[in-house]
Amino acid sequence: MPVEVILPKVDMDMATGRISRWFVGEGAVVKKGDLLFEIETDKAAMEIDAPATGTIRNISGKEGIDIPVGEAVAWIYSEGEVSKPANEPAAKPAKAAAIAVEPAAAETVTAKPVAAAPSINAPSNGTRATPLARRLAAEAGLALDAIAGSGPRGRVMRKDVEAAIPAEAPATAKPAPIVSRSPASSQPRPAPQRAAGAAPLNFAWLRQGEGRPIVLIHGFGADLNSWRPMLAAGPVDAPLLALDLPGHGGSPRQTPIDLDAIAADVEATLAALDVGPALLVGHSFGGAVSATVAARGHADVRALALIAPAGLGPEINGAFLQGFVRAKSEASLMPWLRQLVADEQVLSKPFVNATLAQAADAELRTAQGEIADRFFADGTQTFDIRGLIAALRVPVRVIVGANDRIIPASQSLGLPGEVALHVFPATGHMPQVERREQVLKILLEMARA
Amino acid sequence: MDQAVRELSYAQAIQEAMAIALETDERVFLMGEDIGVYGGAFQVTGDLVERFGADRVIDTPISELGGAGVAVGAAVTGLRPIFEFQFSDFATLAMEQIVNQAAKMRYMLGGAVSVPVVMRFPAGSGTGAAAQHSQSLEAWLGHVPGLKVIQPATPHDVKGMLLAAVADPDPVMIFEHKLLYKTKGPVPEGYYTVPIGKAEIRREGRDLTIVATSIMVHKALEAARTLEAEGIDVEVVDLRTVRPMDKETVIESVKKTSRLLCVYEGVKTLGVGAEVSAMIAESEAFDFLDAPIVRLGGAETPVPYNPELEKATVPQVPDILAAARSLAAGSR
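Protein sequence lines correspond, in order, to chains A and B. Note that this note's numbering has the first sequence beginning at 3, numbered continuously upward. Note that this note's numbering has the second sequence beginning at 32, numbered continuously upward.
Chain A with its partners taken away, still in its complex shape (with noise of 0.2 Å):
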């Protein structure tokens, strides 16, 4: 029986997509979990992987044209199964479909729907999946409908979930799935002032939504995915744009010179995309830089977080910034994560594979390996921004975990007294991890103020 390649449901209020491209052509042979295609529809490209091991046939979506969603585009015929003509496998789409997909796709097919059905919940409205896969996919920004469940009646399980993350992992760790334009097509538009000359860097929309946008800028060391298991915590209703830092993610592989330089590249980022009134939001590192982009003034920052912000004193856990960089392996990666959170159980699979698949990318290590010995040479915080936070006049919340083992906490005191300091017990260097309802929660209020 050959397994239905439809075209999956990557995103809230998707009814249809388009292929930009396919990557294998009709006959050719495919191992389960190799790329097939990427789609895109008016906001998001995704790279979508074989259902099954066997050789491509009666390829029918073409690049270009809209498809509606739960369409066949093509076939995998297993070896030794005879291609049969084009419309012959559609005659029973439903029994096929049951084993590469989960069985509500299986019933879009037969609809042939126009518009898809408006969902509240994911891109997965219908999906057979227990809430344990859904929220394992949510963290590791998988669509649940392109993971085939081998739970009865194919409900996708924990197992399911976590088979489908190293195939996936690489996609996430160069653009991620939820891109809008690579940074080379995005075409800045000359960033105003000092900021001109500065790269533009890697993005994502991670949500679309109405309102004040709120902009995230991670941590060393990590990427925007990062973000994404605090966006599983609740519904999310601001546009959500989060940047790639220089040497990181998707963004080009170089070692700014000062934060300076880094928040040039921010700023043209931002212009670019016309980004005007907005929230930033920095992580650790992140938040120093966010800090300097609110403090330069060039960007139109109305009110800014800091979680767990470097720069407000000199220790940081030099061991750490050593031993994550140079871990290639889950042996020696895993004791350094641990010590990013107060509760390792939070340190979910998604997590950790999505780590791992940076670790291996060995150009990536090198180049933060040598933005640790800039920014943080000797294990030591070489810069302060005390001074540009003192200096703002929009509002600053800074929200840290008491039991960081990174920065400490003790750290965030101490700064003006309008600045709003959130202390979470219990909890490590990443409070939007281990304390994600709540961050998120504070986030959100922040851009409707």
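Keep in mind that the hints were calculated from the coordinates and are not lab data. Treat the hints with caution; some may be incorrect.
[Claimed, not checked] What follows is a set of in silico ranges between Cβ atoms, one per label pair, in the way DEER data are often shown:
| no. | chain 1 | residue 1 | chain 2 | residue 2 | range |
| --- | --- | --- | --- | --- | --- |
| 1 | B | P349 | A | E65 | 31 to 37 Å |
| 2 | A | A428 | B | L140 | 47 to 53 Å |
| 3 | B | A343 | A | A428 | 27 to 33 Å |
| 4 | B | K229 | A | G236 | 31 to 37 Å |
| 5 | B | R356 | A | G236 | 32 to 38 Å |
| 6 | B | V36 | A | G236 | 48 to 54 Å |
| 7 | B | E235 | A | D386 | 46 to 52 Å |
| 8 | B | G142 | A | E447 | 38 to 44 Å |
| 9 | B | A309 | A | Q347 | 19 to 25 Å |
| 10 | A | A404 | B | K135 | 42 to 48 Å |
| 11 | B | E235 | A | A451 | 56 to 62 Å |
| 12 | A | P397 | B | G141 | 32 to 38 Å |
| 13 | A | Q347 | B | R356 | 23 to 29 Å |
| 14 | A | G236 | B | K135 | 51 to 57 Å |
Just so you know, even glycine gets a beta-carbon here, dropped at the ideal spot from N, CA and C.
Use these hints to put chain B onto chain A, whose structure you have.
Using the frame of chain A, we list chain B on its own:
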């Protein structure tokens, strides 16, 4: 303090707890039908009447409502009565005193009085006593705020929890499964208490949580030993208290294993396992579930007299094995 530990039966452990309470607290007395000279319908009180006298081990007339009323009234005056029902089924006769008086009085009198009464209910099926003497009604009383409802599963726990119940300022209902009376286990000498409202993990496991009550704890442990050989690592949580329920222990266990099976002898619909299941569905553990929650409870029927049919109406070890295997595989 080191205490010598001996093997005692569940019934002996209850008797020892009551003897300690009678010895150490002059406010304590026992009452119930045939608990004196006869030694109790299940011989739990035994010779206590000879040791403590008929003033403190009181045979009552055959009126559960009257007996319960006396016990509640005595408790309000400051005494610490332990009232035995011959069968938990007869709680129905005393509902006015238990539900409308004992449970409510502290609330309705603004905390001016409390009702430190202990009621003991021999419960459950398996003795061929038929429909009116075999029920498991703990969920009935567990539904009433103001009561504490416990189901100790071991001799150790029943002694410690009974002593905790005597010391408790509020009415405590103890459901003792009749088939447990002859089961044996280690029991420390002397006075100790086991807290009401705290579940106990009887066996740690990674793959599946079974929350069981009373005799079902032992069936779940037996099933867990078989499942271990099949590579299914079961965690068995002995709920011990129906009200107030130890949510935290159950939530943490389900977060660890991602699968929940509730096993209880009371009728499945609206039973204790129904509450555990709903509590988990509402909790933070929801996002950790990797399979639907499954309940194994008593059949939707009066308990039959025929011994084979009687067995078939309550969960047995093979039922637990089948449910656990199906749950470990993803279930339904």
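Now the hints, each set against the structure:
| no. | hint | verdict |
| --- | --- | --- |
| 1 | P349(B) with E65(A): 31 to 37 Å | violated, 58 Å |
| 2 | A428(A) with L140(B): 47 to 53 Å | violated, 41 Å |
| 3 | A343(B) with A428(A): 27 to 33 Å | violated, 48 Å |
| 4 | K229(B) with G236(A): 31 to 37 Å | holds, 32 Å |
| 5 | R356(B) with G236(A): 32 to 38 Å | holds, 36 Å |
| 6 | V36(B) with G236(A): 48 to 54 Å | holds, 51 Å |
| 7 | E235(B) with D386(A): 46 to 52 Å | holds, 49 Å |
| 8 | G142(B) with E447(A): 38 to 44 Å | holds, 40 Å |
| 9 | A309(B) with Q347(A): 19 to 25 Å | holds, 24 Å |
| 10 | A404(A) with K135(B): 42 to 48 Å | holds, 43 Å |
| 11 | E235(B) with A451(A): 56 to 62 Å | violated, 47 Å |
| 12 | P397(A) with G141(B): 32 to 38 Å | violated, 47 Å |
| 13 | Q347(A) with R356(B): 23 to 29 Å | holds, 27 Å |
| 14 | G236(A) with K135(B): 51 to 57 Å | violated, 40 Å |
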